[in-house]
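Peer 1: Please work from the sequences and hints to get the whole structure.
Heads up, the sequence shown is in the UniProt record's numbering, so the first residue is 1 and it goes up one at a time.
Keep in mind that the hints are not guaranteed to be accurate.
Here are the computed lysine-lysine pairs in the PhoX-like style, where the Cα-Cα straight-line distance is at most 25 Å [to be verified]:
#	residue 1	residue 2
1	Lys188	Lys97
2	Lys98	Lys182
3	Lys195	Lys97
4	Lys52	Lys184
5	Lys47	Lys278
6	Lys170	Lys182
7	Lys47	Lys133
8	Lys98	Lys195
9	Lys182	Lys97
10	Lys98	Lys57
11	Lys98	Lys130
12	Lys52	Lys284
13	Lys170	Lys184
14	Lys130	Lys47
15	Lys98	Lys188
16	Lys57	Lys97
17	Lys57	Lys184
18	Lys52	Lys182
19	Lys98	Lys52
20	Lys214	Lys356
21	Lys97	Lys52
22	Lys170	Lys52
23	Lys130	Lys52
24	Lys214	Lys98
25	Lys188	Lys170
26	Lys188	Lys90
27	Lys90	Lys195
28	Lys57	Lys188
29	Lys182	Lys57
30	Lys184	Lys97
31	Lys332	Lys214
32	Lys351	Lys332
Honestly, the hints are just simulated from the structure, not real lab data.
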Amino acid sequence: MIKRSYWCSWAELHRSCSEAAEEVVWRRRGSYYEWCSGDLPMLGAAKIGAAKLALGKRGLALPSYSDSAKVAYVLQGSGTCGVVLPEATKEKVIAIKKGDALALPFGVVTWWFNPNDAELVILFLGDTSKGHKSGQFTNFQLTGSNGIFTGFTTEFVGRAWDLSESEATKLVGSQSDAGIVKLKDGQKMPEPSAKDREGMALNCEEAPLDVDIKNGGRVVVLNTQNLPLVGEVGLGADLVRLDGGAMCSPGFSCDSAFQVTYVVRGSGRVQVVGIDGKRVLETKVSGGYLFIVPRFFVVSKIAGEEGMEWFSIITTPNPVFSHLAGRTSVWKAISPEVLEASFNTTPEMEKLFRSKRTSDAIFFPLRTRGAGFIFPLPQEL
Numbered sequence: 001m002i003k004r005s006y007w008c009s010w011a012e013l014h015r016s017c018s019e020a021a022e023e024v025v026w027r028r029r030g031s032y033y034e035w036c037s038g039d040l041p042m043l044g045a046a047k048i049g050a051a052k053l054a055l056g057k058r059g060l061a062l063p064s065y066s067d068s069a070k071v072a073y074v075l076q077g078s079g080t081c082g083v084v085l086p087e088a089t090k091e092k093v094i095a096i097k098k099g100d101a102l103a104l105p106f107g108v109v110t111w112w113f114n115p116n117d118a119e120l121v122i123l124f125l126g127d128t129s130k131g132h133k134s135g136q137f138t139n140f141q142l143t144g145s146n147g148i149f150t151g152f153t154t155e156f157v158g159r160a161w162d163l164s165e166s167e168a169t170k171l172v173g174s175q176s177d178a179g180i181v182k183l184k185d186g187q188k189m190p191e192p193s194a195k196d197r198e199g200m201a202l203n204c205e206e207a208p209l210d211v212d213i214k215n216g217g218r219v220v221v222l223n224t225q226n227l228p229l230v231g232e233v234g235l236g237a238d239l240v241r242l243d244g245g246a247m248c249s250p251g252f253s254c255d256s257a258f259q260v261t262y263v264v265r266g267s268g269r270v271q272v273v274g275i276d277g278k279r280v281l282e283t284k285v286s287g288g289y290l291f292i293v294p295r296f297f298v299v300s301k302i303a304g305e306e307g308m309e310w311f312s313i314i315t316t317p318n319p320v321f322s323h324l325a326g327r328t329s330v331w332k333a334i335s336p337e338v339l340e341a342s343f344n345t346t347p348e349m350e351k352l353f354r355s356k357r358t359s360d361a362i363f364f365p366l367r368t369r370g371a372g373f374i375f376p377l378p379q380e381l
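Peer 2: Laid out in structure tokens, this is it:
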């Protein structure tokens, strides 16, 4: 393992929660955990926040807004999301399910509800460059025991919402829970609208594939074309599924962007190479791991036997990547003479090097017996 500051597992984050009692109390209705830039310094350097919201049956995450623009990705379950855009007079009520991605610009008020038995889990990745804490989200609750109502005096609450002093006192005093509440059976919630969903969410598991390589992998890219709101968020995102034993070509972001990756499921190995050819990260990852690739650093991944799936955000809405292997490799564009001199090798070796990976692009399937070398798959974590 190299330079622990570049990665952190969800399991370790989960164990690091300081108040186990609070966790037990919240578990009935839900929980909210955040990766801390103190444990993962590269989050602060990248000015990226990462958090998870988990809602149990009839759990409601109360209306709130954040100091950061975000992309939300539904890891499991299904439910309902309410979104109030800046200056909007009516909320959008959206049905969400596993694979959905939503772009949440600055100033958006959201609530999240799980009407089902199965847990609803949502990942948040976002830009904290304008936030209160670099590398961490700061959320502002509109209601609840830590909401804005509790901060104002009853005089201000009464004047603002045209309530008597007794009415204001009753309203503020009724908010006993913070962050997440559990609704009673039969308590009604607004019904989602298909029209409200338009332009607000994209299901990455059902969207047309941007890359599809047999036995290699598949990619769906979120950008301003298929989810225009990512332009306001200032982030791009993608969902990548790498087949068992396949490799993702070494590559880097061409536009000075950080890349933050959350492993959704499966396992594999990751290597990141940075300045002066130094390997800054070499680790095995599995579902729940989060890791960061700094600007212009080169990253490559090899999936384990069951494959590996990850969701990433990139700190630009329309990212451009340059790959160092495969049909689209920069080496294919460089003249033979320069390549030969650069590697200090023979013309024969240069021709051999150039002749490889002429048809593969981005993803390289595991070679089968009789087709060449066989590299061992990483052991399970």
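Peer 1: If a hint holds in the structure, say so; if it doesn't, say that too.
Peer 2: Now the hints, each set against the structure:
As the CA atoms of lysine 188 and lysine 97 are separated by approximately 20 Å, the hinted pair is consistent with the 25 Å bound. Taking the CA atoms of lysine 98 and lysine 182, the gap is about 21 Å. The hint holds against a cut of 25 Å. For the suggested pair lysine 195 and lysine 97, the alpha carbons sit about 16 Å apart, so the restraint of at most 25 Å is met. Proximity of lysine 52 to lysine 184 is assessed by CA-CA distance (about 24 Å); at most 25 Å being required, the pair is judged to hold.
Taking the CA atoms of lysine 47 and lysine 278, the gap is near 23 Å; set against the 25 Å cutoff, the hint holds. Of the supplied pair hints, the one linking lysine 170 and lysine 182 holds, its CA atoms being roughly 20 Å apart against a limit of 25 Å. Distance restraint check for lysine 47 and lysine 133: the Cα-Cα separation of roughly 9 Å lies within the 25 Å cut-off, and the hinted pair is therefore satisfied. Under the criterion of a C-alpha separation no larger than 25 Å, the hint pairing lysine 98 with lysine 195 is consistent with the structure, at around 19 Å.
A hinted pair counts as satisfied when its Cα atoms are at most 25 Å apart, and lysine 182 with lysine 97 qualifies at roughly 20 Å. Proposed proximity of lysine 98 and lysine 57 is supported: the alpha carbons are some 16 Å apart, at most 25 Å. Distance hint between lysine 98 and lysine 130 is unfulfilled; the C-alpha atoms sit about 29 Å from each other, more than 25 Å. For the proposed pair lysine 52 and lysine 284, the alpha carbon gap of about 22 Å is at most 25 Å, so the pair holds.
Between lysine 170 and lysine 184 the CA atoms are separated by roughly 21 Å; this keeps the pair inside 25 Å, and the hint holds. Restraint check for lysine 130 and lysine 47: the C-alpha separation of about 9 Å stays at or below 25 Å, so the hint holds. Only pairs whose Cα atoms come within 25 Å are accepted, and lysine 98 paired with lysine 188 is accepted, the gap being roughly 23 Å. For a cut-off of 25 Å, the pair hint linking lysine 57 to lysine 97 stands: about 15 Å separates their Cα positions.
Taken as a hint, the lysine 57 and lysine 184 pair is honoured in the structure, with Cα atoms around 10 Å apart against an allowance of 25 Å. Taking the CA atoms of lysine 52 and lysine 182, the gap is about 18 Å. The hint holds against a cut of 25 Å. Taking the CA atoms of lysine 98 and lysine 52, the gap is about 14 Å. The hint holds against a cut of 25 Å. Between lysine 214 and lysine 356 the alpha-carbon distance is near 18 Å, which keeps this suggested pair within the 25 Å criterion.
Note on lysine 97 and lysine 52: the hinted pairing holds, with a Cα-Cα distance of about 15 Å set against a maximum of 25 Å. In summary, the hint linking lysine 170 to lysine 52 is not supported, as the alpha carbons are separated by about 33 Å, beyond the 25 Å threshold. Taking the CA atoms of lysine 130 and lysine 52, the gap is near 20 Å; set against the 25 Å cutoff, the hint holds. Taking the CA atoms of lysine 214 and lysine 98, the gap is about 24 Å. The hint holds against a cut of 25 Å.
Between lysine 188 and lysine 170 the alpha-carbon distance is near 22 Å, which keeps this suggested pair within the 25 Å criterion. Taken as a hint, the lysine 188 and lysine 90 pair is honoured in the structure, with Cα atoms around 18 Å apart against an allowance of 25 Å. Pair hint lysine 90 plus lysine 195 holds up; C-alpha atoms about 13 Å apart against a cutoff of 25 Å. Between lysine 57 and lysine 188, the direct Cα distance comes to roughly 14 Å. Compliance with the 25 Å bound is thereby established for this hinted pair.
Of the pairs offered as hints, the one joining lysine 182 and lysine 57 holds, with about 8 Å between alpha carbons and a cut-off of 25 Å not exceeded. At most 25 Å may separate the alpha-carbon atoms for a hinted pair to count; lysine 184 and lysine 97 meet this at roughly 22 Å. A distance of roughly 22 Å separates the Cα atoms of lysine 332 and lysine 214; the hinted pair therefore holds under the 25 Å criterion. At roughly 11 Å between alpha-carbon atoms, lysine 351 and lysine 332 fall within 25 Å of each other, so this suggested pair holds.
When held up to the earlier numbered hints, the structure conflicts with 11, 22 and fits the remainder.
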